[in-house]
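Respectively, the protein sequence lines represent chains A and B. Using our numbering, the first residue of the first sequence is number 1, and each one after it goes up by one. Using our numbering, the first residue of the second sequence is number 1, and each one after it goes up by one.
Simulated from the structure, these hints should not be mistaken for lab results. Quick caveat: nothing in here was measured; it's all calculated off a predicted structure. Cβ coordinates follow ideal geometry from the N, Cα and C atoms, glycine included. A portion of the hints provided could be inaccurate.
[As the list claims (entries may be wrong)] For the chain B half of the interface with chain A, some residues (derived, Cβ under 8 angstroms), not all of them:
id, residue
1, I53
2, I63
3, A76
4, V122
5, E127
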Amino acid sequence: MNHPVADAAATENGYYRRLQAAVEELLILKGIVGRDEIDREVAAMEERSYRRGAAVVAHAWVDPAYRERLLADGAAAVRELGIEIGALHLIVVENTPAIHNVIVCTLCSCYPRALLGMPPDWYKNIEYRSRVVREPRAVLREFGLTLPEPVSVRVHDSTADMRYLVLPMRPAGTEGWSEAQLLDIVSRDALVGVALPRGPEGS
Amino acid sequence: MTPADDSPPGAGLAVAGTQAVTTAGADTARAPRGPHDVGGLPAGPVSLEEHAITEWETRCWAIATLLRDPARGARAGRPGQALTGLDESRRHGEELGDRYRVLSYGERAVHALARMLVRRGVLDEAEITRTLDAIR
Numbered sequence: 001m002n003h004p005v006a007d008a009a010a011t012e013n014g015y016y017r018r019l020q021a022a023v024e025e026l027l028i029l030k031g032i033v034g035r036d037e038i039d040r041e042v043a044a045m046e047e048r049s050y051r052r053g054a055a056v057v058a059h060a061w062v063d064p065a066y067r068e069r070l071l072a073d074g075a076a077a078v079r080e081l082g083i084e085i086g087a088l089h090l091i092v093v094e095n096t097p098a099i100h101n102v103i104v105c106t107l108c109s110c111y112p113r114a115l116l117g118m119p120p121d122w123y124k125n126i127e128y129r130s131r132v133v134r135e136p137r138a139v140l141r142e143f144g145l146t147l148p149e150p151v152s153v154r155v156h157d158s159t160a161d162m163r164y165l166v167l168p169m170r171p172a173g174t175e176g177w178s179e180a181q182l183l184d185i186v187s188r189d190a191l192v193g194v195a196l197p198r199g200p201e202g203s
Numbered sequence: 001m002t003p004a005d006d007s008p009p010g011a012g013l014a015v016a017g018t019q020a021v022t023t024a025g026a027d028t029a030r031a032p033r034g035p036h037d038v039g040g041l042p043a044g045p046v047s048l049e050e051h052a053i054t055e056w057e058t059r060c061w062a063i064a065t066l067l068r069d070p071a072r073g074a075r076a077g078r079p080g081q082a083l084t085g086l087d088e089s090r091r092h093g094e095e096l097g098d099r100y101r102v103l104s105y106g107e108r109a110v111h112a113l114a115r116m117l118v119r120r121g122v123l124d125e126a127e128i129t130r131t132l133d134a135i136r
């Protein structure tokens, strides 16, 4: 298992898929982990989605005191909503008319999974990780987001122990919207900072 | 934030006495970059194409997560010891050298999972190969 002849060919032959299956089979056989335990963990993982992060943002938009607590101590504020994020430090970075925030993990793909689920491919790929710290505006344009020049862009590089979440600006025209309505306009990409929440049509 | 660095990867930055691949640390600021250390390097356009995570990738992640609990070590004759670790997993990926870019994220993760278990003697190479060969 050290060096398959050629990795591309190994991938095509399902080498890594079979390696996973072999490891799983052996661990179950030895009683180190149960199939039911793996199934439950998989189900828990699939339950974690960016909707949790969106709920945090929507709540911060309607409750100014919560917004303050969220910015002061992200992990504690997220736990208030019943979201368990383990021992991680969570820093919530707020977009303002003058500052736009973007998240990356240049060294691997650290991502606030408890709030956003599994990271998308582009977040894990070399191109985003390499370039967004050097030319964030160009990268954001590739996502269809063009920021006016006076807006500063801050790029936050995550680590194994330190995760970030973007608190986007509440779009104009959403005054009087319910928390549930607001939750629906917060996309995964807005929480990473590569998009903005969609306001009402025409705004 | 990652400081800008105009040097190409590994260009003349070797520090006497260090290995080709070193971990980041206070005294290794000028060490060559590992294959994972890509912040600020030139690269092509970001592909926005997304594939749904495959079942085996999810199960690999689930297993690695479960085995990170030190309470589970006893089941492998290592009471109180985690059988996997996040930093250790990353390290196994980083040691892949040129293969780092060839393998996908999920492929690196399963490679690392197998390495961590072999290193602890929880599984051995021969039984993995035997079991793997029997799987289509």
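Against the structure, the hints:
With 8 angstroms as the threshold, the beta carbon of B/I53 comes within range of chain A, its nearest partner Cβ sitting at about 6 angstroms, so the hint holds. Look at B/I63: its Cβ gets to within about 6 angstroms of chain A, closer than 8 angstroms, so that hint holds up. Hint on B/A76 holds. Least Cβ distance to chain A is approximately 5 angstroms, under the 8 angstroms limit. Hint status for B/V122: holds, given a least beta-carbon distance of 7 angstroms to chain A, under 8 angstroms.
Among the interface hints, the one on B/E127 holds; its C-beta lies about 6 angstroms from the nearest C-beta in chain A, closer than the 8 angstroms criterion.
Violated hints for the displayed structure: none, as all numbered hints are satisfied.
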